[in-house]
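Quick note, the sequences are listed as chains A, B and C, same order. Take the first sequence: its position 269, counted from the start at 1, is 268 in numbering that gives the first Met the number 0, and no numbers get skipped. Take the second sequence: its position 72, counted from the start at 1, is 71 in numbering that gives the first Met the number 0, and no numbers get skipped. Take the third sequence: its position 62, counted from the start at 1, is 61 in numbering that gives the first Met the number 0, and no numbers get skipped.
No wet-lab data here; the hints were simulated from the structure. Note that beta-carbon positions come from the ideal geometry of N, C-alpha and C, so glycine has one too. Hints should not be assumed to be uniformly reliable.
Distance condition first, Cα-Cα at most 27 Å in a straight line; then the derived BS3-like pairs of lysine-lysine [as the list claims (entries may be wrong)]:
1) Lys372(B) to Lys102(A)
2) Lys96(A) to Lys523(B)
3) Lys188(A) to Lys523(B)
4) Lys523(B) to Lys280(B)
5) Lys94(A) to Lys450(B)
6) Lys372(B) to Lys180(C)
7) Lys40(C) to Lys328(B)
8) Lys280(B) to Lys393(B)
9) Lys393(B) to Lys180(C)
10) Lys173(C) to Lys386(B)
11) Lys523(B) to Lys102(A)
Simulated DEER-style distance windows between Cβ atoms [what the hints assert, rightly or not]:
12) Glu49(C) to Lys453(B): 51 to 61 Å
13) Trp419(B) to Leu24(A): 32 to 42 Å
14) Trp419(B) to Leu187(C): 56 to 66 Å
15) Arg254(A) to Val10(C): 56 to 66 Å
16) Val117(A) to Gln208(B): 46 to 56 Å
Here chain B is said to cover these stretches of chain C; the calculated rule only asks that three of the stretch's residues, wherever they fall, bring their Cβ under 8 Å from a Cβ of chain B [said to hold, decoys possible]:
17) 56 to 69
18) 94 to 107
19) 187 to 196
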Amino acid sequence: MLSYLLKRLFWMVPLLVGISLISFLIMHLAPGDITSTEAGFNPKTSEESRQKLREMYNLDKPVVVQYGLWLERISKLDFGHSFASHQKPVFWEEKDKDGNITKGMIQEALPITLLINVLSLILIIAIALPLGVISALTQNKLPDRAITIFVFIGFAIPGFWLALMLMYWTGVSHHWLPISGLHSLGSDKLPWISQVIDTLHHLTLPILISGLTGLAGISLFVRNGMLDVLHQDYITTARAKGLPENTVVYKHALRNALLPLITIFGLSIPGLIGGSVIAESIFAIPGMGKLFYDAVLMRDFPVIMGILTIGSALTLLGNLLADLAYAWADPRVRKGVSS
Amino acid sequence: MALAACHQKPTSDHVDYSPTAPIEKGGTMIDALSGEPSGLIAMIAGESSASAIASNIFNSLLKYDKNLELTGELAQSWDISSDQRTITFHLKPNLKWADGEPLTSDDVIFTWQTVTNDNTRTPYGADYKLVIKAETPDKNTFRVTYKQPYAPALDSWSGLHILPKHLLQNQDINTTSFARNPVGSHYYKLDQWKSGESISLSRNQNATQGQANIDRLVSRIIPDRAAQFLELMADNIDSMSLNAIQYARIFPARPDLNEKFSLYKELGNSYTYLGFNLKHKPFDDVRVRQAINYTIDKQEIIDGVLLGLGLPVASPYKPGTRWSNPKLKPYEYNPQKAIELLQAAGFEDHDGDGILDKDGKPLAFEILTNQNKEREMTAVLIQRRLKEIGIDVKIRVVEWATFISRFIKTGDFNVVLLGWGLGVEPDQYNIWHSSQQAPGQFNFIGYQNKKVDKLLEKGRLELNPDKRMKIYHDFAEILLEDSPVVYLYAGYGLPTMHKRIKGIDSPAPPAGIGHNAYEWYIPKPYRRNEMSAN
Amino acid sequence: MRSIFRNPLAVAGLCIISAILLMAIFAPFIAPYDPDAIHVKSILLAPSTEHIMGTDGLGRDVWSRMLFGARISLLVGIVAVGIATIIGIFLGAIAGFYRGWVDTVIMRLVDVMLSIPTFFLILAVIAFLTPSIWNIMIVIGLTSWMGVTRLVRAEFLSLRNREFVLASQTLGAKDYRLIFKHLLPNSLTPIIVSSVLGVASAVLVESGLSFLGLGVQAPQASWGNILTDGKEYIEFAWWLSLFPGIAILITVLGYNLLGEGLRDALDPRTSKN
């Protein structure tokens with residue numbers, strides 16, 4: 000197990016370098032001199048901020064050197080300050096000389112996005128598991144077909160359109176749910192339990208919609224995994240031994256079909272951390288997606304590069320954890336039978 | 000729905016908001032912002048959302064009243080010396096900051112020093128750098144001297160928020176945390192700023208301009224316009240600026256909305272134009288510019304895009320104000336004349352492909368505009384009209400940052416569709432003077448006209464209103480003839496306000512409905528249920 | 000391959016896609032109006048016999064714009080997936096055929112690309128390069144090749160040591176001949192399935208970009224930007240969002256059903272009953 004872990008950790012290094020390289024190249028993709036990309040008319044400011052940018056990214060030096068220096072800074076978790084948002088730190092909070100604390104932009108946005116996506120992942124699993132199992136057990140019969148169509152509709156419907164219709168229906172026609180935002184006004188005066196309920200209330204629609212979109216992937220995965228397992232020899236053996244069908248299905252088949260799900264979760268982490276630009280814009284949620292989109296529109300390069308790097312690095316970490324969990328659950332992997 | 004108990008419910012679906020009620024203090028007014036301000040020091044932040052909120056927190060020396068006449072805000076009065084180079088402002092007595100500290104001429108001169116400091120990253124310094132001497136003879140007097148008379152001076156002092164020296168003097172204005180935690184002197188003070196969610200202001204008990212009626216102003220950050228309108232319909236926000244379709248189509252069809260909301264129509268603060276890059280061929284030829292001007296049907300754009308909610312303009316000034324030259328009329332829609340002008344300029348369809356050409360080069364260009372529904376639609380209408388006489392037009396819509404950095408600053412464009420402000424101050428030196436063409440400056444279309452340069456220089460020195468008017472009338476006439484831009488329209492601002500808010504001037508005065516916002520009030524029965532612990 | 004016709008969902012998907020493709024191809028003959036013809040006098044008319052899907056904010060016929068928009072939306076989907084598939088096949092084939100360090104490098108590249116939130120990458124690149132239909136297709140293509148690469152590589156790895164491959168190799172067949180003649184044809188199935196599913200995602204990505212104002216540019220119609228035009232009037236001018244919304248829904252659904260049906264039909268494990 001330890002050597003497996005070490006091997007995995009070792010492989011993360013080139014990946015991190017690759018990620019940082021892509022994030023770095025993004026900045027150089029913007030046409031023209033990147034120092035001229037300040038969003039506004041202002042001859043003087045731009046000259047000044049150009050100089051600042053040049054110093055910050057060592058733009059007078061060769062590209063390779065620039066990249067090396069940038070790598071050195073981010074290895075110390077120094078992601079710099081936002082150009083657009085009054086010099087807020089990109090990553091983590093900072094204290095000025097008077098003791099005022101300014102929160103980091105990613106520090107504020109990441110928990111919100113994580114919360115939403117973890118909740119919607121839970122919702123997806125809660126619904127997709129039974130749907131997938133039913134689908135597999137009724138393969139090519141009516142329930143299977145109906146479930147397949149249902150989950151695909153969820154995937155195929157343009158999210159922002161569905162969101163607006165639901166916002167209209169549940170928020171304007173009926174006052175069932177709040178339309179946008181994260182908190183009701185003045186909710187911070189409430190006891191904490193009411194605050195939690197208030198936030199969940201606000202998150203109902205966003206979670207519902209992202210859950211619906213993600214349903215298809217997981218439920219089909221469970222279905223196909225189940226079918227796969229159900230046709231394998233040991234299940235046939237189990238059946239032949241006369242074990243009750245329920246035991247066969249739930250104890251043997253489902254457990255083995257679920258194992259690869261761990262990997263799927265690993266793969267869904269970029270989405271978890273990245274969040275949804277569209278959903279966050281429409282529901283006015285200040286998460287990572289909205290932060291990134293605003294940064295792109297403002298050409299706020301420190302924020303763009305910070306989000307890409309940190310988001311991807313966290314994804315790698317998540318994948319590592321998923322793989323470890325998988326290895327722990329499936330001894331074959333540990334023993335070095337690589338996929 | 001057990002949860003509904005702690006969710007903010009609308010007061011009731013059947014409140015009649017129309018009767019007036021006596022003025023009472025209290026209540027909360029909620030509006031929506033599309034973007035979060037980067038900070039609340041207006042000279043640094045620069046976005047419209049920042050100045051919208053900051054202007055409730057900070058005062059300037061002067062302000063414009065409901066009829067757009069200058070009047071004192073922090074200043075009680077002001078004198079202009081006989082050589083017209085020196086202005087002396089007398090501050091109102093006993094001014095105070097929201098934290099209780101006295102507001103004096105020291106704060107004013109500190110603000111002037113800040114805005115003119117080379118380390119301050121502000122685009123607004125130019126006006127104030129013309130001051131060659133600023134002094135504070137006493138705590139209540141602030142005096143500035145210019146090298147030569149400067150007519151736009153008073154206007155400039157109505158746009159500078161005075162900042163507190165005692166909180167900022169040892170800070171770096173560009174990065175200070177004061178920007179997110181400001182202390183001002185106006186009706187409201189910052190109560191709470193929830194990143195990405197909302198900014199709440201509460202009444203400033205130390206306000207020296209008088210006490211506003213409404214207790215709290217909350218601005219919710221809702222990026223999507225469709226979501227904003229849903230929030231309005233659901234009675235979760237009290238005001239919003241509507242587009243033409245919402246104003247002219249949706250509201251008339253929805254009596255329930257009309258029961259709750261009042262509509263206002265104010266002459267907008269900007270006009271939309273089609274600007275030519277005068278350094279590029281064939282736009283250096285006035286006949287080509289005039290021909291395009293004759294080909295665009297402005298009334299069609301106003302009817303089609305604005306549903307009639309706009310005015311044609313023939314000068315860069317608000318129609319109906321003194322600076323707008325009443326003699327001038329927009330170019331009529333006259334494609335025949337356009338064809339003749341183009342012929343005279345050498346453009347004809349020689350190769351028979353339906354597109355005019357000259358020296359083998361077709362008359363084709365790209366209209367560049369930013370992400371803005373109205374402008375996009377306008378461009379589509381223009382494209383069609385130009386095609387009818389054989390001009391091939393493509394449209395490119397890019398978001399603002401790209402627009403500025405990639406195209407405007409580099410001068411790499413042919414034709415842009417954009418807007419300029421219709422200010423109260425007639426000086427437009429920055430936009431039209433030939434010296435203002437450096438990258439990042441406003442005369443990016445490269446307009447050069449010696450006569451216009453002279454008039455603009457003269458207009459800045461002339462303090463006599465009538466003589467000044469004549470100068471700007473002449474200026475506008477040359478500009479119209481030269482046609483460096485095609486004036487398209489000035490759209491109306493279409494704010495809607497919830498009827499629970501009383502005291503709003505209707506119809507909107509020249510300054511717009513917002514001029515007396517501190518007098519607005521919300522009678523108790525109309526207020527939203529405040530969130531409470533029980 | 001015949002077994003796919005026994006799967007009613009796959010057949011339904013195929014019918015939907017064929018119908019929409021036909022409508023897109025014959026748009027100029029079906030459309031009753033010029034999709035770009037502006038009528039300022041007939042703005043936002045509700046559906047009627049004259050305009051069966053109503054008119055938009057400039058008085059253009061929505062049905063005609065939907066037909067021409069289908070061309071753009073499908074083109075974006077198909078070309079983007081084409082690009083992704085070509086890259087995927089190329090890299091996957093090299094990795095699976097040569098193995099060794101080439102394989103390692105390519106698969107690490109795949110891992111890197113998979114760990115970056117793809118939509119962020121698309122967003123940044125399109126915003127920086129300014130949106131155009133070509134940029135959109137290329138960028139979607141360049142950010143979605145990883146799945147195909149993995150598939151092709153896996154197929155190649157498993158086919159590589161089969162007898163028929165080894166036999167032709169000993170007979171002196173050149174690498175490219177081995178790849179194109181023997182390996183690639185035998186790994187087409189998963190490639191086709193993943194391409195069909197890929198088109199569905201690309202159509203959705205295009206509509207998402209339109210929502211953010213970074214999609215196909217006016218006056219060209221795509222389903223994404225017609226839908227976005229209608230989003231502010233979802234209840235008042237419902238026809239502006241309903242028809243493109245349903246069109247996207249049905250198309251994406253069609254591609255998914257077909258793709259999943261193909262997978263079922265061609266995968267020996269799941270089709271066993």
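Check your understanding: Any of the earlier hints contradicted here, and which numbers?
Key -> 1, 2, 4, 5, 6, 9, 10, 11, 15, 18 and 19
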